[in-house]
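K.L.:
Chains U and R supply the protein sequences, listed in that same order.
For what it's worth, this note's numbering labels the leading residue of the first sequence as 95, then goes sequentially.
For what it's worth, this note's numbering labels the leading residue of the second sequence as 3, then goes sequentially.
A hint or two may mislead.
Residues from chain R that face chain U, not an exhaustive set, calculated with beta carbons under 7 Å [stated by the list, open to error]:
#1 S93
#2 S157
#3 W160
#4 E165
#5 G221
#6 D224
Quick list of the computed label-pair ranges, beta carbon to beta carbon [stated by the list, open to error]:
#7 U/V130 / R/A116: 47 to 53 Å
#8 R/S277 / U/Q161: 36 to 42 Å
#9 R/N267 / U/P128: 38 to 44 Å
#10 R/T214 / U/S206: 23 to 29 Å
#11 R/D151 / U/S122: 37 to 43 Å
#12 U/N238 / R/L222: 41 to 47 Å
#13 R/S188 / U/P220: 46 to 52 Å
Calculated directly from the structure, the hints in this document are not laboratory data.
Where is the CB? At the ideal position from N, CA and C, for every residue including glycine.
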Amino acid sequence: MICLQDVMDRSEGWGRVQGRAVFQRLLSAVEDHPGVEIFRISFKGVNRIDMSFASETVVELAKRFRQHKGFCFVDLADEDMIENLDAAAARKMQPVFVWSGNMSRLIGPPPSQGVREALEFVLGKPQVRSSEFAETRAGMTIQNASMKFKSLWESGYVMRRESAADTGGVEFVYSRIQ
Amino acid sequence: MQRLVEFSPQWIEAAAFERALASGHSPHGLATEVQFNIPVGCKLMLVPIVRLLSLANQLAFVGKLVTLNFIEGETGAMGYLNRMGFFDHLSHNVRVVPGRPIHSAAKAHYGGSANLVEIAPISATNGEEIGLPSRLSDVVKKACGARADVAALESATWTIFSEMIGNVGEHSGTKLDGYAALQVYSGGNKLQVAVSDSGLGIMETLRPALKTQHPHLSGLSDIDLLVEIFRQGLSRLGSERGCGLKGCAARAIKFHAELDVRLPNQRVLLVPGVSGYTPNTAFCSDKLPLLWGTHISFEFQLT
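Only chain U is shown next, with the shape it has when bound in the complex:
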């Protein structure tokens, strides 16, 4: 867990200049934990951030580590802050999930129609394989399911790691960013 407030100078963050300074501290916080794959960024104590600040800090962080590390937001209920984060994430084409308990809300670019169902599937379980998704959909091949999951991972919606397949080969296991 990274508390955004801890790396900010005050409870309000605005502008790209401030944002770039805070980004460097966020980067250090991430690099100090090389083994961690998913970081929850807490907005507790943060009163306001504008779009430029959001773009230079937490959204840039998620984009920088896409496909390698996942970032999600917690302790975030203020609609104006969410709106600003959403605008920044949409502009950078970087999806991010905001979690409140087990409820999630996606900000940034929405997934395309073709992968929406696959994303819902990943969100519904701790971890899934594309073969499991294919099994639940009539007419869906494993290859087609794999392509959808890969697309979600490349776009930053989900995490992926290698796992040994029952057949002895390697397969990918996908998981939500929570």
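Take the given structure of chain U and dock chain R to it, following the hints.
P.N.:
Then chain R, alone, in the frame of chain U:
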């Protein structure tokens, strides 16, 4: 050669300011001396004050002899300008008749009014005051306390102010300071916020980038392009940037604010319609006397 800019003895809002400037046949032109006459009964509103400050400093910066002649002295417009901090930021090379105020009313009463935020500099070299967006939105909150949506308005205006002020610091590309100020007009049931810079105009920085980034937009007229800047969030720095102005416009539209943008030779008034800001609800004046920079103001209703 001297140019004379005559203000009328009346309330001077943005349009009247332009008429006065036009009377001076482009102060930025060949004239070596420029005099602004502020007669008895002339009441400058916030937006013209901030634009006049920028213009006077621009003219002084290029070596022109600039005079501000307040016919009524401190009992007239000069007193209000002093309260707003106008003279605290006016270039020392600008001559003031009958003389600069001895004491700054803005410094004496700084932050003491629920109806105004004194002119604050936005410096490209020294950065801007970190608490400025909050000071501005705090006044919005107090002034618009009668509105049911005051909390949302306060939050939205904070975002607008922070984005606009951040933009000045980052994009204007000038050694001259930009400025921000706010005034509540209770009688007129409105609140004006002005953010000005004296750098390159937004069109001057964006136009060259359009050909490579948005070639389909490069043929747009200035007014249509300005509307697109606020609708799409165009930026010379690429597709990942520009969300600030777009977001500002979205918030302003949500609260039915009018947006006035003065560019080096044009002024565009954007009035929100059912589809937000559109060219159909934009009013443009072009071929105006040169005023460097981008000067943006928002006007909100108090109730």
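K.L.:
Now tell me if each hint is right for this structure.
P.N.:
Results of checking the hints against the structure:
1. S93: 26 Å, violated
2. S157: OK, holds: R/S157 within 7 Å of chain U, min 4 Å.
3. W160: Hint on R/W160: holds, closest Cβ of chain U at ~6 Å, below 7 Å.
4. E165: Nearest chain U Cβ about 5 Å off; hint holds.
5. G221: Status violated, d = 24 Å.
6. D224: 24 Å, violated
7. U/V130 / R/A116: 47 to 53 Å: With Cβ atoms ~48 Å apart, the hint holds.
8. R/S277 / U/Q161: 36 to 42 Å: The hint (36 to 42 Å, Cβ to Cβ) holds, given that R/S277 and U/Q161 are roughly 38 Å apart.
9. R/N267 / U/P128: 38 to 44 Å: 55 Å, violated
10. R/T214 / U/S206: 23 to 29 Å: 27 Å, holds
11. R/D151 / U/S122: 37 to 43 Å: 40 Å, holds
12. U/N238 / R/L222: 41 to 47 Å: Between U/N238 and R/L222, where Cβ atoms are some 42 Å apart, the hint holds.
13. R/S188 / U/P220: 46 to 52 Å: Because 59 Å falls outside the window, the suggested range is violated.
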